Amino acid sequence: MLHINNLHVNLEEEDKEILKGVDLVVPAGKVHAIMGPNGSGKSTLSYVLSGRDGYVVTDGEAMLEEANIFELEPEERAAAGLFLAFQYPVEIPGVGNMTFLRTALNSQLKARGEEEMSAADFLKLIREKAKSLKIEPEMLKRSVNVGFSGGEKKRNEILQMAVLEPRMCILDETDSGLDVDAMKLVAEGVNALRSEGRSFLVITHYQRLLDHIKPDVVHIMADGRIVKTGGPELALEVENNGYADLLAEVA
Amino acid sequence: MALLQAKVDATAARLASLEMPVGAAWATAARQDALARFQHAGLPGPRDEYWRFTRPDALNAPTADNAEVFDPQEIPVFDGIDRLKIVFRDGVFDPDASDDFHQEGLEIERLNDAMATDIHWAKDVYGVLETRGQTPVARPFASLNTAFADDGVVIRATGRVTRPVSLIYLHEHTTSDAILHFVVKVEEGADLTLLENGPAAARFNKCMEVDIADNAAFHHVRTQGRDHERQAVTHIFARLGSESLFKSFTLTANGRLTRNEAVIEMTGDRGVAHIAGAALGDGEFHHDDTVFVTHDAVSCESRQVFKKVLRNGAVGAFQGKILVKKGAQKTDGYQISQSLLLDEDAQFLAKPELEIYADDVVCSHGSTSGAIDEDALFYLRARGVPRADAQDLLTLAFLAEAIEEIENEAIAEDIYGRLDGWLGRRRQD
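Protein chains in written order, with the working numbering: chain A, 635 to 885; chain B, 4 to 432.
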């Protein structure tokens, strides 16, 4: 599904290399996790894949199936099936959550040459998805993320994922700022979306989230590279021994 | 204080081309008084505190600048709304294009008919609210209007009028110079919605005096037409009785020069006054909102919400004041003026003012100026919304707080439709 080859990325403003040759393959239907200490480049990877400004790809490539990600605008990446669940979802005063979701869905359908969804069908869809994520109808009427609690913002991200049905989902520290109950709810939402045709890349500091979203493969990232890859047991190792031991071992 | 000679000369030159209409004794007295006020103040100049953001030259000139007539090629605003239509062509009432004035709960007369009548209710309002609004800040174009307005209507609402009254201003001649005056009286317990739309003339001076009695409500929505070259100076003077409601919204898209002044006086307890504006400027566009709200009663609420979207050399100005007089306790005053600058050529000038002489009040004001929020733009794009659509969505969101002041949903929808149109046209170039 997602193939990243020798990806090098600089910060645009200070010409500082953040990613120093990332190689990563996430096959269809699989859940991969990336763990790593602060400053290892995890979030940069998610931003550069989703197309945020401020980064320069100096070498390497990233393919989403047949699509060359770096040749596409952010909206084209979304229409091709890439979804980033933001670490800090953005508040947009004045844009209703429903309007936002419907505009997003119909933009993607239109970009893919599919028929746009009617208001009535959309309402039915959103109500059903919101209910399964325990999102109050009132939250749909409010402006996007405005006045939402940390947990509500993250659930709203998962709701968007459920409605847009991307094939490649990147979760950027979705567990940050969540209490245990909120994390469980978010994890349940993600698990409900797991399917053969959909892949996940879960970026996290802590093993905690991976108790709830069970990964197939765990990668350890440090200093802009993937330094170790293994099964779910690798996450437990980090939890027990911290990154220091592991990085010493790799070095 | 003596006026500068240049001001005296300009004022005399402006008066030379005007002729005072003849009316009943009270009307002539009101006009003469207004002329004296105008001559005392003189035409504004760049040294006048409230004209520092806006050059009045085109408004001061003896004749109107040329303004091409613009065909917007669209269904006129408010077209789908059942309303009583009153049409003016270049500032002259057109009886054939207008509806019959008779409607339950309303008395409407042409201004000149009312002013030819010896005893008329309009006597207590015409020029009266305008005079009250001249202190502490002189508004010479309003006095000029009161002295020389040669057309307009007087409207008295005596009941709950569900069908709006709609003033339609057509612009047909490239040098037309229109002065219209309106008097509105909303009697105790009555409710009136007034709509205005159209560019009116090459140069337009409009003055509206609105007297709202106790427990009465006045809703006002206007759009100022899409003519690029038209120039306008408008005043609305409102006086609110106790537990009364005043709500006004203005949409301005295009126009070379627009100066909209509003002077609102809360004279009865628990009154509510909301005034809002959305201005869209692209290119040669100068838009100035000058607002003065006076709280002179207990527990009144006032809101000023002004939003401007500017690009390509357009200039927006806002001067808004809340004056809370001694004893006007429990006042709730709010004022926000914001601009969204779509490029680096646009300019926004703001002067918020609070003057408070009571000690138990809540007053807040804010003013911001900025570009489209890049984080919000990226968030929308990351969800699949193309850049141009995302920009439009964020622009509408920026304006939403002003448009939400319109209570009637059908009218608000119509306004949103105009905004969509404006944004859509900007995307073709």
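None of these hints come from the bench; they were simulated from the model. Heads up, a few of these hints could be off.
[Said to hold, decoys possible] Chain A regions said to be covered by chain B (calculated; three or more residues, Cβ under 8 Å):
#	region
1	678-687
2	733-740
3	853-863
What you are looking at is a predicted structure, and each value in this text was computed from that prediction instead of being measured. We put the CB at the ideal spot given by N, CA and C, even for glycine.
(request) Give me the numbers of the hints this structure contradicts, sorted from smallest to largest. (result) Structure breaks hint 3 only.
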